[in-house]
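Undergrad: Chain order of the listed sequences is A and B. Per this note's numbering, the very first residue in the first sequence carries number 1; after that it's consecutive. Per this note's numbering, the very first residue in the second sequence carries number 409; after that it's consecutive.
Treat the hints loosely; a few may be bogus.
Said to hold, decoys possible - The calculated DMTMM-like cross-link candidates involving lysine to aspartate or glutamate, where the alpha carbons are at most 20 Å apart (straight line), are:
{"hint": "1", "chain 1": "B", "residue 1": "Lys438", "chain 2": "A", "residue 2": "Asp319"}
{"hint": "2", "chain 1": "A", "residue 1": "Lys371", "chain 2": "B", "residue 2": "Asp793"}
{"hint": "3", "chain 1": "B", "residue 1": "Lys779", "chain 2": "A", "residue 2": "Asp218"}
{"hint": "4", "chain 1": "B", "residue 1": "Lys412", "chain 2": "B", "residue 2": "Asp813"}
{"hint": "5", "chain 1": "A", "residue 1": "Lys30", "chain 2": "B", "residue 2": "Asp727"}
{"hint": "6", "chain 1": "A", "residue 1": "Lys371", "chain 2": "A", "residue 2": "Asp405"}
{"hint": "7", "chain 1": "A", "residue 1": "Lys4", "chain 2": "A", "residue 2": "Asp261"}
Unchecked claim - Partial pick of chain A residues on the chain B-facing surface, computed with a CB cut under 7 Å:
{"hint": "8", "residue": "Gly89"}
{"hint": "9", "residue": "Pro136"}
{"hint": "10", "residue": "Ile139"}
{"hint": "11", "residue": "Gly330"}
{"hint": "12", "residue": "Lys331"}
{"hint": "13", "residue": "Gly356"}
{"hint": "14", "residue": "His358"}
{"hint": "15", "residue": "Pro359"}
{"hint": "16", "residue": "His397"}
What the hints contain is simulated information worked out from the structure, not anything from laboratory work. Even glycine gets a Cβ: it sits at the ideal position worked out from N, Cα and C.
There are 2 protein chains.
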Amino acid sequence: MPVKLAAPDPASLHPVAGVELGWTEAGIRKANRKDLVVIRIAPGASVAGVFTQNRFCAAPVQVCREQLAAGGEVRALVINTGCANAGTGATGLAAARATCAELARRLGCASTQVLPFSTGVIMEPLPLERLLAGLPAAIARLAPDQWLAAAESIMTTDTVPKAASLRVDVGAATVTITGIAKGAGMIRPDMATMLGFIATDAGVAPSLWRRLVRQVADSSFNRITVDGDTSTNDSFVMIATGRAGVRIEDDRDPRLPALTDALTRVAQQLAQAIVRDGEGATKFIEIEVREARTPGEAAQVAYSVAHSPLVKTAFFASDPNLGRILAAVGKAGVADLDQNRVQLWLGDVRVARDGGRHPDYREDDGQRVMKADEIRVRVMLGRGDAVATVWTCDLSHDYVSINADYRS
Amino acid sequence: MPVKLAAPDPASLHPVAGVELGWTEAGIRKANRKDLVVIRIAPGASVAGVFTQNRFCAAPVQVCREQLAAGGEVRALVINTGCANAGTGATGLAAARATCAELARRLGCASTQVLPFSTGVIMEPLPLERLLAGLPAAIARLAPDQWLAAAESIMTTDTVPKAASLRVDVGAATVTITGIAKGAGMIRPDMATMLGFIATDAGVAPSLWRRLVRQVADSSFNRITVDGDTSTNDSFVMIATGRAGVRIEDDRDPRLPALTDALTRVAQQLAQAIVRDGEGATKFIEIEVREARTPGEAAQVAYSVAHSPLVKTAFFASDPNLGRILAAVGKAGVADLDQNRVQLWLGDVRVARDGGRHPDYREDDGQRVMKADEIRVRVMLGRGDAVATVWTCDLSHDYVSINADYRS
């Protein structure tokens, strides 16, 4: 059951000039389900991406990195679900390259202008023939208004398609930003998430765009976790087509903050949708760590809380067994943390200070906050002024069921 | 359901000359259950301990560290279950000290010669009056043959009391080693486990004994994990009474390896018992990482596999979804790991090499190994010759149930 998350209204997803999407049912893993997406990008766009730090990164991730590093103009993306093409060795790399070559041939561009993406089961061979056979049908459907269908086509254990869209004024022009993402388990993105794509019709210089994709990822997809398992296939790509009549050349442009803010809002909405639809999730939890020495230290403590199975099961049970949060703060690896300076809040309730329970804390108050669908945890470390926020979900019976049954 | 673990036969637990144990039902948290233990140690023993690295370490852990650092001769231990006395601030520290003072008064030693230990719920005040009121009954029962009852008295979510005992020849003398431990959840000891105590009648010089306790912990309790949650109360203490007519003064003594080996065997048996009785465990899993650059790197990869919820749920389901193991190896944080040099074995089955599935791998073979109660995973990194072994269990519905209900 996703936490306060419904499928987006297709009418709310604005087309982005210069981007067309097509899909088909290629039978990659199962019959009769959308599992293959092609995204065609008009000439002149800036395209940048960030990818998983998992050393067992998938074959398509390796190919994406190569193509982007080579610096050619990206003209198409191809995405399959049902098979991750990860842990597949040289055969998998050849299959990812063959996918790019075949799509390039059909679209009339170079193979190096196509980026491939895969998601699904690891260490199984990509059914290349079925994938290639599906390309013509996906290409035939290419259209600007297929964002929702594309979001549906990249789902695995997701129960809700994830898409978000925004129109904002950037200087004199109105700019559109639309994006899709997928992911519900194996979610602890480290540079990006398990497949996120955002496009805008704003124009941005390529070098600036490469910095922006990292910045946006760091405050959205890189701040969520479901189970701490960084995927082999995490990929987040942003496309700037430049069709809206606004072009930003460098970071002194006064219109940049408005665009960055809007991109970040769309990315955070997608990232939070992944957590709300986290495998087995019944609660959406925001963990904010304040007064850390550095942002990295704040994030380290926030993740320690977000990954603790004991904290997550207490949330599932709506049980204010909040000493578990202190234990998770204490095991985060901050060697000189002084427990007597730590404060803990749950929503608007003061829980702990001076190394122990707050004198005003009443279990009824903790219970009230724990029962809600959305819970905010705040930890003050008393060491500095750095902050980090991480979004996560609880650990329920359904997480175990889903992952015990995923392949069957 | 513990995995191949039964309550020890009381007759198998040899008394250790110089050590007496007593217990009572003090009503710390619940009525009618053993929850308080006193261990009296004869004069002249070497006592050393290692404690949690969690920065929210419990009040008794803080007191233990102080007393051991002060270097006085330890004459007694006092252990309660039902309340961790962690996250309790200055009040908790005062309660731990008051416990030591009262026991010292009754045993006729100094307060600084008593070490306190607690386990149970975090951030709740220690019911000091009930604890102190229970001391006379525990003292009245002091006897050398109460190891099993003591093991029962320190259980929390444990379903089986954990005790192990061994007699070995060390030079011309026969030496006895007996120990107890507790723990089932919040288990990822970092220096020691959630309460482990081992005594021997061998004699060992104090400075050597302090090194030995660390060495034994590092190859036993510091190599297990249930849920990755390092407890606030982890404490592991070894007692050498010197009553067996053998005394080892330094590490050139040729009898030291036999004693170290026997201590390690007892400690590993206790540590593995904790995993076999891990909350909700249905499988006992040994993860051996070989060919790492350093032992630390090997352990880091082994823990990454052992902590992955996706790997653990696959074990629960007996599903050879083994790509999840590769993903966990890849996310372990070994920045320059080459996936093409990694090999994966499951029991006697070759699963992966050259970055992908082994050509001889058949799913039926993987399935056969996954169905067993005890499973051995071997990962070769192809980077060096360092090795580490970690023991863990699977993640089942019962883990969620137990931790959603723990306080109720």
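Undergrad: Against each hint, give a clear statement of whether it holds in the structure.
TA: Taking the hints in turn, this is what the structure says about them:
Distance check on the hinted pair: Lys438 (chain B) and Asp319 (chain A) sit about 19 Å apart at the alpha-carbon level, within 20 Å; holds. With a C-alpha separation of about 51 Å, the suggested pairing of Lys371 (chain A) with Asp793 (chain B) is violated against the 20 Å cut-off. A distance of roughly 41 Å separates the Cα atoms of Lys779 (chain B) and Asp218 (chain A); the hinted pair therefore is violated under the 20 Å criterion. Restraint check: the Cα-Cα separation between Lys412 (chain B) and Asp813 (chain B) comes to about 25 Å, which exceeds 20 Å; the hinted pair is violated.
Taking the CA atoms of Lys30 (chain A) and Asp727 (chain B), the gap is near 19 Å; set against the 20 Å cutoff, the hint holds. In summary, the hint linking Lys371 (chain A) to Asp405 (chain A) is not supported, as the alpha carbons are separated by about 29 Å, beyond the 20 Å threshold. Under the criterion of a C-alpha separation no larger than 20 Å, the hint pairing Lys4 (chain A) with Asp261 (chain A) is inconsistent with the structure, at around 24 Å. The restraint placing Gly89 (chain A) at the interface with chain B holds, with a minimum CB-CB distance near 3 Å, inside the 7 Å limit.
Interface hint status for Pro136 (chain A): violated, as the beta-carbon distance to the closest one in chain B is roughly 29 Å, over 7 Å. The beta carbon of Ile139 (chain A) comes no nearer than 30 Å to any beta carbon in chain B, farther than 7 Å, and the hint placing it at the interface is violated. The beta carbon of Gly330 (chain A) comes within 3 Å of a beta carbon in chain B, closer than 7 Å, and the hint placing it at the interface holds. About 4 Å separates the beta-carbon of Lys331 (chain A) from the nearest beta-carbon of chain B, less than 7 Å, and the hint is met.
A hinted interface residue such as Gly356 (chain A) counts as satisfied when its beta carbon comes closer than 7 Å to some beta carbon of chain B; here the least separation is about 3 Å, so the hint holds. Annotation: interface hint on His358 (chain A) violated; nearest CB of chain B at approximately 10 Å, more than 7 Å. Annotation: interface hint on Pro359 (chain A) violated; nearest CB of chain B at approximately 10 Å, more than 7 Å. Interface restraint check: His397 (chain A) against chain B, minimum CB-CB distance 5 Å, threshold 7 Å, status holds.
Violation of the numbered hints given earlier is confined to hints 2, 3, 4, 6, 7, 9, 10, 14 and 15; the remaining hints are satisfied by the structure.
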